[in-house]
Amino acid sequence: MVHEKASRLRNTKAVNNTMLATTSAKKYPRIYSFESTLLLMLLAVITIMLAPPAHAKTDVPAIASALVNDTIITALNTYMNKLVYVRATDEGLFLNIAHINTSNPVPSLTILDETELATLPSLLTIDNLYDPRYIILGDLHGNVIIKDLHLNRTLEFGVIGSVKNAVFLDRVGVAIRTSANALYVIRPSELGWFEARVLIGNLLPEKLEHVEITDLKPILKLEDNRIEYLGEGLIALRVAKLAYNTLVKAALIWSNGTPVANATVYGYIDSIGAFTPTTTTDSNGEFTLRIPPDTFYITLFIKTNNTCYSTHITLRDIKSGTLNIVTKPIVIDPQNRAVCPPPTFETKLLILKNKYPPTLTVLKESSRLGDAKILTAYMLNNILYIWVTGRNIPLFNVTAPVFAVLAFNAATGDPVESIWGYYVSSSIATTAAVAPSGELLVIGTSDGSIYILGESNNTYTLLWSQKLAGSIIHVTLSNRIDGLGYIIAATDAMSNLMLLAVNPDNNMVRIITRGPRGEPYIDSGMDINYLYLSPNAEYLLIAGSKGIIVFNNFQAAITGELKSLDDYMLKKIPLRIYNEDGEPVKGFIVLATLLYGNNSIYETTVETNNSKAYIPCVSGSKLLISVYPKDNIYLPITLAYDAIRACTADEVSITVPYRLMKVRLFVVDKYTGSPPLHDIDITIYDVKRNHTLNYTYNAGQEAPLLIELKPGIYDIIASDTDKTFYKLFRKQFGIFNDTTIIIDLQRVPVTVEITITADLLAYPLDRLKVYVVSHDDRPIYTETTNAPTPTNATKVVFTTAYRGPARIIIKDIPPKGLPPFFIDTSININITKLVNKANINLVPMKYPVTVTVIDNFTKSKVPAKLVISRIYDNRSLDPHLELESNGTLTLNLPRGIYRVYVEPLPINGSLPLNAPRIISINVNGSMNIVIELERIRVLTPLVIIDPMSPGEVVIDNIIVSVDGHNITKVLSGHSEPIKVPLLINGSEIELISENRIYAQYKGKIKPTLNDTIVKIKLSRINHVLTITVLNDIGEPIPGVRAWATGLDLEYSTDSVGTPEGIVKLALPFGSYDLCLSAAGYNGKCMTVTLATDASLVVTLTPKPITIIARYSTLITAVIVGVLVLAVLRFYFKKIVERLSTEEEF
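In UniProt numbering, the protein residues as written are 1 to 1145.
If you are wondering where the hints come from, they were derived from the structure by calculation, not from laboratory data.
Idealized CB from N, CA, C, for every residue including glycine.
You may find that some hints are simply not true.
[To be verified] Taking CB as the label site, the calculated pair distances span:
#1 Ser103 / Ile654: 19 to 25 Å
#2 Ser179 / Asn284: 17 to 23 Å
#3 Lys563 / Asn737: 39 to 45 Å
#4 Asn737 / Ser108: 33 to 39 Å
#5 Ile813 / Lys1006: 38 to 44 Å
#6 Lys612 / Ser283: 53 to 59 Å
#7 Gly620 / Ala411: 51 to 57 Å
#8 Arg767 / Gly925: 15 to 21 Å
#9 Asn737 / Val797: 35 to 41 Å
[Claimed, not checked] Pairs of lysine to any residue residues, derived as SDA-like cross-links and limited to a Cα-Cα distance of at most 20 Å, are as follows:
#10 Lys164 / Asn284
#11 Lys811 / Val843
#12 Lys837 / Tyr872
#13 Lys630 / Glu583
#14 Lys795 / Lys816
#15 Lys861 / Met927
#16 Lys859 / Met948
#17 Lys846 / Thr825
#18 Lys586 / Phe725
#19 Lys1015 / Ser975
#20 Lys861 / Glu903
#21 Lys688 / Tyr578
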């Protein structure tokens, strides 16, 4: 439970321990008078003064140690030293389960489990006080968490209202009371999970119209010097005298019009002399009041900010059993203050039995308890003792603050009234604790009083009272301890702690704590939220705002007066460690041992991560400190201190000595690994201490220099005398161990420039490992660099002291998962100049790549042309290759990505059957690539025929074109089918006669199935034969009839000539038998061959009669002429003869 912080001002007035006397009630005669009380107190004072202090073991001191430093909200401890607590940190709220180890003088804590919480808990309880299994938490928002330690699971539930109390019921579950006047039972199921049920009013033994559950407490079981939970709960019910079944809703406002918010409201009904249940106004001042039926006049009491106001309201038209709304606000005058009487009710006590479903049993004669609250309830000697407290308890007929005891027979539930009684106190009791034996009871009140009661023959008698400064919030007590009696620890709201020792045998009470001004308590130093004293006072546990403090071997601290917890606290004293240079240092293991006498009571090892460490210290003990360096530059040291002095010192300082480091120093020529060729001057400078040492290392010396140095940083400078052969050596060393230092002298270097070029780009870009080695393969230089590109050469420049023949080796380092791009290359170079240059051109490594092109339909190889381009970033890098393949082609290509364009070649000069394709290949080694081309054409048998030709064989060369491409020529006289590549969906076919014998053919043809032959008929071109027919005298013969009959083709035709003697015939290419005939003329036949348009002149011979008819007149003239000629010839002959004769003469 979280308590509100009280004032730190202490009440220094004298404490009045006198009990108030009361008058005896008739029914309950056991009332303790003023005289008897005063006599008991005086006897106790005398026994305190005369009694010697108790004895305890002193071989081990009492030590208080802070085990947790976080704020503790609430906690619970068990007999098995298992501690359950809730701590608050900057990171949040955490529920921890831990084990407290008190077997050693200094206690320790081991965390067993930790669970982060979302809200601040208002309740923490466990199922048993010995070895709990269930931890129950509740908060103000109605969240319930049950943690099962056996099954290692956490269960969450939600209830209405904030969680007030909880009791674990054996074999049933957990009973939970909330602010919403609800009682829940959360019980385990068969599988170990929990389920929630609400206890409804019908579980009560009688029907009550208005019941308010005011309290729920566990019943304790006292046995075997141990307190345990009985497994049953005690419920306090506030019961109304009448049925408050009518609701009135109204609003309160101040006279200035603002609402009266968050005020407690209840009414007094004069007509029946009873109070109404209390209620609270909301932020608008509205409230709902329960009243009995037929109530019309109410005196209203309002409590806010510790001030009471009163007013009267008159109700009209009130309907019983329903909600009635008062529309007009009730105005409260701030000046109208009043005294609010406490409302009185009837309170009953009931036992919640551990059955399922749970049963409620009313304890007889437990009514009329008024405003009483349960302090504690426990079973002792088969009697149930119930301690209550209140200011107005009608049962005892007293209105003063009292705490009272009720007793009942455990078996029957009947009251044992002989034990009943009350004790008048100065204020209401706030807490109570009973000894495990039941022999002693301690009660604390709100005004800071502690009452101690002893039990004898089942009856409790007041033994002692004492007062603290503030309200008592915790009391705890131990079992009875031989020689000490009972030890009681109590704390108030002002952080005070009081310890008492009580011996009931002689009624001796000894005050253990004593403040600086003589007060019977001491300051605990923190707000205490939990206080626990172990059964035999082995330890005292205090938990609160500063964490958890366990006061171990507590009996050793209570043999006398305890004036301060600080005297027993295990403190942490700062320890600072210095070196011989006066500097704070770190990195040590500090073993701190606390000695009590000659015995070690506590040892701890601290590892110093900085120059300051914290070591334990307890007053009254001695401290032995041993410092061990983690490294080897310091020597260990052990010192003893008086712990009383050390605990008050600001810090403890220790100076640790240095250990001298042994240094073996060699000087070598780095390039020969041998001693130097010249004398070397060596200077060693202590940077920290500003000290210089000088040495000479002789030429050819093999033995090292032996030097002893303090740990630190040193500059070492070495050089030859003229500083021309070796470079100046200067280096800083941290010497913190025995060490060997080798000074490698470097010769004056020369420069080597290597230019690496390449004609091809490696993509992705390779790396190159460049090695330069001497003639005897001793490494000279190594570098990893990027490979060159065709446009950017790679340069490797380095300096070396090596001179002479060398070899440059370049190895390709490809990207992960890829083969090398370049062939490893090496060249020889002679390093003799100050600047030596070498040029290397890298040759790419080529990998065999076999490309096979196949038909995706027949899987047969396809001849194709391959255009291969090496690409990078979607652009061509290198000139492409154009190669033809008969189906398989093997190439040697460098590593890279290539774009391959595959164009199938025509088959036998025809069109290709497959579609071209473009693919990308990634060459990263020897590869076999199969490229499938899609079949787009089918070879279809085709026959071209001439219907006019015998056998239908064409007589001219036919050029065959498919889809615009000339694919073949069918020769004249060819009669076999030819294969033409046709597209799947058909191709355009064009047939052209080479000599124009046939007409051109155009058409679309689809491929056939099963090699069905496609036939195409060609038509011959008709040529015009023009015949001019003349007679024998060259005159045209009209009406000539001409006819032609094919000699090498099946064709014939005829025609009749014009009057002009012209006859025209349309004849296809071929040879013909041409005949002409005309009346009066002799017919004529001839053979003609026609390939083009032609003209022909034919002369027909006339018949005789045609001639006679043509020359009838002429013939007559001719006959006459013949006759004349005959006569003339006769006479001419005669003349000739005469002349001949005359010549002779």
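Here is what the structure says about each hint:
no., hint, in the structure
1, Ser103 / Ile654: 19 to 25 Å, "32 Å, violated"
2, Ser179 / Asn284: 17 to 23 Å, "21 Å, holds"
3, Lys563 / Asn737: 39 to 45 Å, "53 Å, violated"
4, Asn737 / Ser108: 33 to 39 Å, "37 Å, holds"
5, Ile813 / Lys1006: 38 to 44 Å, "60 Å, violated"
6, Lys612 / Ser283: 53 to 59 Å, "54 Å, holds"
7, Gly620 / Ala411: 51 to 57 Å, "55 Å, holds"
8, Arg767 / Gly925: 15 to 21 Å, "19 Å, holds"
9, Asn737 / Val797: 35 to 41 Å, "39 Å, holds"
10, Lys164 / Asn284, "27 Å, violated"
11, Lys811 / Val843, "12 Å, holds"
12, Lys837 / Tyr872, "32 Å, violated"
13, Lys630 / Glu583, "17 Å, holds"
14, Lys795 / Lys816, "24 Å, violated"
15, Lys861 / Met927, "18 Å, holds"
16, Lys859 / Met948, "44 Å, violated"
17, Lys846 / Thr825, "14 Å, holds"
18, Lys586 / Phe725, "45 Å, violated"
19, Lys1015 / Ser975, "11 Å, holds"
20, Lys861 / Glu903, "13 Å, holds"
21, Lys688 / Tyr578, "16 Å, holds"
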